[in-house]
Amino acid sequence: DAQERDLIGKRANEVGPLAIFRERIEIADENLLAAGNFSRCPTVEAVKKCGADYRKKMRFDEDVFRECRILSCFYRKEDITSEKILDSTGGVLKPMTDQNDVYVYTIMFKDGVDAMDNVPLAHAILTDHTVPGIGYFLGNVIHSANQVTTKKKLRPPSFIIFDFSAVLMNAALQQFNIETVNKHLKRCWNVIHGKYSAENIRSLSFIHLCCCHVMHAIARSLNAEKIEKKTREAVLYIFAYMLSSDDINQLYDTLGLVINIFGDPNEQNAKEKLDRICSLKLNIDEE
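First residue of the sequence shown: 22, per our numbering; consecutive thereafter.
Just so you know, nobody snuck in bad clues.
Mimicking DSSO-like on lysine-lysine, the simulated pairs with C-alpha atoms at most 27 Å apart in a straight line are: (1) Lys31 <-> Lys78; (2) Lys216 <-> Lys204; (3) Lys294 <-> Lys251; (4) Lys250 <-> Lys294; (5) Lys294 <-> Lys247; (6) Lys292 <-> Lys251; (7) Lys31 <-> Lys69; (8) Lys204 <-> Lys131; (9) Lys292 <-> Lys250; (10) Lys247 <-> Lys292; (11) Lys31 <-> Lys70; (12) Lys31 <-> Lys77.
FYI, nobody ran anything at the bench for these hints, they're computed from the structure. Quick caveat, the model's predicted, so the values are computed rather than measured.
The whole structure should be built from the sequences, with the hints applied where relevant.
As C-alpha cells, then:
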C-alpha cells in the first residue's frame, strides 16, 4: 500500500536501495516465496522508484513560502583569512506556477583551514537568476550584517568562492567590491606585481573559483570535443596544478609550455613536451 511504499522509500534514502532489498529478503515469508508470491519482496528497481517518489513527495511546496520572509544576519570576528562560499542548488523545490526554475542560493562562512569549520549565513529561494536578482539578495545580506556589526562599515571577506557561474561572480563583485570582472582581473594583476599594501588588499574581496567545479566544466568541454582519453587526462592534470599552484614563476613557465604545445600548429615535439610537463613535481598548495 501507499504507506508501506513511503516507508520503503524513506528507508531507501537512508541506507540505500541494495540494503533495503537485502532487508526485505531476510524478513520475507518463506511460504509465500515458495508459492511464487514475491509481492513482499520488491526488486531493486522498485525500491529505487519508491526512493525517488519519496524524495519528490518530501520536497517543499511553493505554498510553504508564500508568507515567508528570509531574514538573515550574522556577526563576524576580525580575521584576514575569512571566506564566503556562494552556490546555488536546483531540484530542491517543486516547480512554481508561471515561474522560472527555482534555485536555493546559500552563503557559507568559512574561517581557517578546517574543512568542517563552516557556518551558514543566509539562504534565498529565487526564480530570477540574473545579476540584479542575485545582487538584491546579496545586498540584503550585507545590509543586515551592517546593522549588527560594531564597526561603521562591514569589512568584506578576504575571499569569495564560486562555482563556474559568471552571474554569481558579477553579482558578488558588484555588491561586495562595487567593481566589474575586468576591473577585478586588473586588480589581481596588480596584486601579483606587489602594487598594493596589505591594508589595501584586506579592504576588498578576491574571487576564488571552486577547483572541483572548474575541473568538471573543463572535463565536459573535452568530452564534447571527443578528445583522446590520454590527452584529456593530461589537460586536466595541467589545469589542476595551475589552479592549485602558489608559485607564480612556475605558473608563467607552465602557461608558456601549454601555449607552445597546443597553440603552435608547427610544433613537432608536442607529445614529448606534454609528457614532460605532466611529470614535473610542482609547488602545490596542499590546502
